[in-house]
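2 protein chains.
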Amino acid sequence: MNSIRLFNQIKTKKSFLCVGLDTEFEKIPEGVRSAEQPQLEFNREIIQATYSQVIAYKINTAFYEARGAEGWKEMEQTVALIRSVDPEIMIIADAKRGDIGNTSEMYAKAFLDRMGVDAVTVSPYMGYDTVNAFLKRNDKWVIILAVTSNKSAEDFQFLKVNDSEVTLYEKVLLTSQQWGTVDNIIYVAGATRPEQILQIRRHIPDHFLLVPGIGAQGGSLEDVAKHGINSRCGLIVNTSRAVIFADPSRNFARTAHMKAVELQQQMESILKNYKLI
Amino acid sequence: MNSIRLFNQIKTKKSFLCVGLDTEFEKIPEGVRSAEQPQLEFNREIIQATYSQVIAYKINTAFYEARGAEGWKEMEQTVALIRSVDPEIMIIADAKRGDIGNTSEMYAKAFLDRMGVDAVTVSPYMGYDTVNAFLKRNDKWVIILAVTSNKSAEDFQFLKVNDSEVTLYEKVLLTSQQWGTVDNIIYVAGATRPEQILQIRRHIPDHFLLVPGIGAQGGSLEDVAKHGINSRCGLIVNTSRAVIFADPSRNFARTAHMKAVELQQQMESILKNYKLI
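Those protein sequences? They're chains P and F, same order as listed. Heads up, the first sequence is in this note's numbering, so the first residue is 885 and it goes up one at a time. Heads up, the second sequence is in this note's numbering, so the first residue is 885 and it goes up one at a time.
Source of the hints: derived by calculation from the structure; they are not laboratory data. One should not assume that every hint holds.
Chain copies aren't distinguished; within one or between two, either way the pair holds.
Listed next, the in silico DSS-like pairs over lysine-lysine satisfying Cα-Cα at most 25 Å (straight line) [claimed, not checked]: (1) 1044 to 898; (2) 911 to 1020; (3) 1159 to 1044; (4) 993 to 957; (5) 911 to 1035; (6) 898 to 1024; (7) 1156 to 895; (8) 1159 to 898; (9) 911 to 993; (10) 957 to 1110; (11) 895 to 1024; (12) 1044 to 911; (13) 1035 to 993.
Modelling step: build the complete structure from the supplied sequences, incorporating the hints.
Listed below in structure tokens is the structure:
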């Protein structure tokens, strides 16, 4: 998938919604939790209920690893399931990996080749080596952390570097832009700091941004759009808990559907306002 | 395990060697590669051949994830195997994770609680949230990336921050020291840049350092010891490929044993020179 195909999907679905499958075992409603494959079954219902509203699913690997090999298997099966429901949907492994060259190659193999997702999130601390393996695959993406949505993002990401006004996250943007293109690099830009999204856009007007932090973490969709939207939308806005765990009862899928429709409709009116559809 | 117990093990074994189980499927000699559980069987022979010489094993998660759920299972079984052979050996999951609070908690659960390793490597880019979950477990460690052994470590780790002479990796040391103690934080300090190990010791004289980059990556044991050793040794020196894949033949375990003995003997004489044993 390249950025044109992604934008086409946005126009077709009138949405730039990504639903995060942060499928925490303990939060799965009882009737599903006792299933043989609880995470897969929960995801199946969520996917059926939301796939018409989303352009991407983000699979948070931690929640599956917490169940060991069985969780990993259900993560793989979730990817296959999404593909079978709608092959155009972007699948993101939110894995936040990052290592030396030969190890990064193994992570690329694990997620892009074997599991078959479209994109993997990567931490930039170790530099170019950490992303190179992901850029070598055609039609695949690496998603580099720039500004994350958590409070302690401030510990290091906002430090000024090299006796300048440039912060570390801006330096990450500036340096990593040389490594790839708008068709294989996306950046994480947390919705909890919309003013930074504006700043990010000054450096990278054209790249897609993966924006977590709407919903449970408190970010606002309008602020994100105001500062981050570009001529091909350029936004993949993620929400996880606020959709998938909006309803703790056995009706979770119906509620997730309603939440997704609500967000899709807000996004549709944003896309219309900006004359993108 | 705390730092005193770790130092006791170093004195007992006269070694500060960590062997990295970067068990790349394609590099497993043919007779073992065709086994039902190839990574586990390879590791079994390596562990039997080296456990008397090592104080730690470092499991590089990428090499197991590249084989999906089956690889993950063999990683779990490898941990159990090490425990059964010698329960005092420190087991490190070299996972380079790092995420927001609730996700970090899941990673801590996956590796420290469920898989039962002693320590997990973490990238500091997202700040305190990424390590907090790991620090909440008794007798467990988080290993924070400071200076990595790869070339592109220079892209960001060596940037000067806040109009000062302090580099990003030094800022990571200074800030993260407040989060934990010498009994639950270890730092990664690559052997390929021994002069930085000296600099690291200026900031954190007492913490243990996990030092990758000896062997295949070209770092020297003598330089590492000269700059990094402290009154409780303070070093866990890792080598992976140079031991486990030193011999591509079916005799790999015997060769690995010889390589481990060689390194242990060098370490014994270093420990004697510094009057630690």
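A quick look at each hint next to the structure:
{"no.": "1", "hint": "1044 to 898", "result": "neither (38 Å within a copy, 44 Å between copies)"}
{"no.": "2", "hint": "911 to 1020", "result": "between (38 Å within a copy, 22 Å between copies)"}
{"no.": "3", "hint": "1159 to 1044", "result": "neither (37 Å within a copy, 43 Å between copies)"}
{"no.": "4", "hint": "993 to 957", "result": "both (16 Å within a copy, 18 Å between copies)"}
{"no.": "5", "hint": "911 to 1035", "result": "within (24 Å within a copy, 42 Å between copies)"}
{"no.": "6", "hint": "898 to 1024", "result": "within (23 Å within a copy, 48 Å between copies)"}
{"no.": "7", "hint": "1156 to 895", "result": "within (10 Å within a copy, 70 Å between copies)"}
{"no.": "8", "hint": "1159 to 898", "result": "within (12 Å within a copy, 70 Å between copies)"}
{"no.": "9", "hint": "911 to 993", "result": "between (31 Å within a copy, 15 Å between copies)"}
{"no.": "10", "hint": "957 to 1110", "result": "neither (40 Å within a copy, 46 Å between copies)"}
{"no.": "11", "hint": "895 to 1024", "result": "within (21 Å within a copy, 49 Å between copies)"}
{"no.": "12", "hint": "1044 to 911", "result": "neither (40 Å within a copy, 43 Å between copies)"}
{"no.": "13", "hint": "1035 to 993", "result": "between (32 Å within a copy, 22 Å between copies)"}
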